[in-house]
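Read in order, the letters of the sequence shown are residues 966 to 1259 in the numbering used here.
For the record, the hints were derived by calculation from the structure and aren't laboratory data.
Here a beta-carbon is modelled for each residue, glycine too, at the ideal position from N, C-alpha and C.
There's no promise every hint is true.
As the list claims (entries may be wrong) - Here are the simulated BS3-like pairs of lysine-lysine, each with C-alpha atoms no more than 25 angstroms apart in a straight line:
| no. | residue 1 | residue 2 |
| --- | --- | --- |
| 1 | Lys1040 | Lys1086 |
| 2 | Lys1254 | Lys1212 |
| 3 | Lys1152 | Lys1187 |
| 4 | Lys1187 | Lys1212 |
| 5 | Lys1212 | Lys1152 |
Unchecked claim - Beta-carbon label-pair distances, calculated as ranges:
| no. | residue 1 | residue 2 | range |
| --- | --- | --- | --- |
| 6 | Arg1247 | Arg1033 | 51 to 61 angstroms |
| 7 | Cys1070 | Glu1006 | 23 to 33 angstroms |
| 8 | Leu1250 | Arg1033 | 48 to 58 angstroms |
| 9 | Pro1244 | Arg1200 | 18 to 28 angstroms |
| 10 | Ala1154 | Leu1250 | 31 to 41 angstroms |
| 11 | Pro1203 | Glu1083 | 41 to 51 angstroms |
| 12 | Glu1059 | Ser1009 | 19 to 29 angstroms |
| 13 | Ala1052 | Arg1234 | 46 to 56 angstroms |
| 14 | Arg1160 | Glu1059 | 27 to 37 angstroms |
| 15 | Asp1177 | Phe1058 | 29 to 39 angstroms |
| 16 | Ala975 | Pro1203 | 28 to 38 angstroms |
| 17 | Pro1203 | Glu977 | 26 to 36 angstroms |
| 18 | Pro988 | Pro1203 | 35 to 45 angstroms |
| 19 | Glu1083 | Asn1205 | 46 to 56 angstroms |
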Amino acid sequence: MLPTLLVHPAPEIRAQLREFFEPVDFVRIVGEAVHVDEALELLSAIEYAVLVVAVSIKEPRDGFELTRRLRGRTKQPALIFLADNEADAFTAFELDATDYLIFPCTPERFARSVARLEHFKMHFNLAQEPSTQWQEQTDQTSTDAEQEEPEQTLRLPLEEEEQDQFLHALRQAWELTEKFRPAEIEKLAITSGGRTMLLPYNEIIFIEASEDYTYVHTASGKHLTSYRLKILEARLRPHNFFRAHRKFLVNLDMVTEIASLPGSNFMLRTAGRTRIEIPISRRRLGELKQVLGL
966 MLPTLLVHPA PEIRAQLREF FEPVDFVRIV GEAVHVDEAL ELLSAIEYAV LVVAVSIKEP
1026 RDGFELTRRL RGRTKQPALI FLADNEADAF TAFELDATDY LIFPCTPERF ARSVARLEHF
1086 KMHFNLAQEP STQWQEQTDQ TSTDAEQEEP EQTLRLPLEE EEQDQFLHAL RQAWELTEKF
1146 RPAEIEKLAI TSGGRTMLLP YNEIIFIEAS EDYTYVHTAS GKHLTSYRLK ILEARLRPHN
1206 FFRAHRKFLV NLDMVTEIAS LPGSNFMLRT AGRTRIEIPI SRRRLGELKQ VLGL
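Full structure from sequences and hints, please.
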């Protein structure tokens, strides 16, 4: 299985790429990034075998700059560049690109990229050599069976939420090993219309899941983001946000009332000119009461 990272600022193109890769049994999408810094963070935490990257992420040709920063790695990922014209094809293949796609493309053209990845897969060894310590601790009578176990784990299908937990754990592990870790600013970066704005946490009322994306709701409107709700929950929970429902993450500082509804149901209400009501799932009600000291 080739773990794959998609790097493109447009959510609709990342969604189309996921659809194209869905039937490819040897490729697994385990990460998406919308800009270079986010991609580098993921690449530092996970050994990706395939990198599908837009030639222009934010500035012209910065997709090339991203891949140049990967030079010198022991294992080079397969590189598939996406562009809307042929102007940069020569530069892409100078960087040892596996393919250069004019995107959007037809399924037939995409199949040629998949064929090149299949050829690349034959030469990309994902298995890690067992350490001496592992070999010393392993009973010789069951060495083969136990050494196969990690490979079986890698082949198990992961639900999207499990992938999110996996990625978040790896990011945390990487961040904690950094000697100089910058302090987190209490703002959420949201990219829209070619610009990135920093939204203060205390202006967020609630966040709503919508398939692979989320809507961040504020008093002035809502913003579509490429974050998944599970990632935002882990990031915002220390800042008084609560997962009230599988689809909703709410800022408890904005909540003014817990309303009891018929049928033993409950709902959170917020203040303001437009009162917002957010359902609480029954299995999360007990946790909410603990958080609020009720």
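Evaluation of the provided hints:
The suggested pairing of Lys1040 with Lys1086 holds, with an alpha-carbon distance near 12 angstroms, which does not exceed 25 angstroms. With a C-alpha separation of about 19 angstroms, the suggested pairing of Lys1254 with Lys1212 holds against the 25 angstroms cut-off. Note on Lys1152 and Lys1187: the hinted pairing holds, with a Cα-Cα distance of about 15 angstroms set against a maximum of 25 angstroms. Proximity of Lys1187 to Lys1212 is assessed by CA-CA distance (about 15 angstroms); at most 25 angstroms being required, the pair is judged to hold.
With a C-alpha separation of about 21 angstroms, the suggested pair Lys1212 and Lys1152 falls inside the 25 angstroms cut-off, and the hint holds. Taking the beta carbon of each, Arg1247 and Arg1033 are about 52 angstroms apart, inside 51 to 61 angstroms as hinted. One distance hint, 23 to 33 angstroms for the beta-carbon pair Cys1070 and Glu1006, holds here, with the actual separation near 28 angstroms. In this structure, Leu1250 and Arg1033 meet the distance hint of 48 to 58 angstroms, their C-beta atoms being roughly 52 angstroms apart.
The given range of 18 to 28 angstroms is respected by Pro1244 and Arg1200, whose C-beta atoms sit roughly 22 angstroms from each other. Ala1154 and Leu1250 have their C-beta atoms about 32 angstroms apart, which keeps the hinted 31 to 41 angstroms range intact. A hinted range of 41 to 51 angstroms holds for the C-beta pair Pro1203 and Glu1083, which are about 44 angstroms apart. In this structure the supplied range 19 to 29 angstroms holds for Glu1059 paired with Ser1009, their Cβ-Cβ distance being about 25 angstroms.
Checking the proposed 46 to 56 angstroms range against Ala1052 and Arg1234 shows it holds: the Cβ atoms sit about 54 angstroms from each other. Between Arg1160 and Glu1059 the Cβ separation comes to about 31 angstroms, which falls inside the hinted range of 27 to 37 angstroms. Distance hint check for Asp1177 and Phe1058: the Cβ-Cβ separation is about 31 angstroms, which falls inside the suggested range of 29 to 39 angstroms. Roughly 31 angstroms separates the CB atoms of Ala975 and Pro1203, a value that falls within the hinted 28 to 38 angstroms.
Remark: the range hint 26 to 36 angstroms for Pro1203 to Glu977 is upheld by a beta-carbon distance near 32 angstroms. As the Cβ distance of Pro988 to Pro1203 is approximately 40 angstroms, the hint placing it in 35 to 45 angstroms holds. About 48 angstroms separates the C-beta atoms of Glu1083 and Asn1205, a value consistent with the hinted range of 46 to 56 angstroms.
This entry satisfies every hint, going by the numbered hints stated previously.
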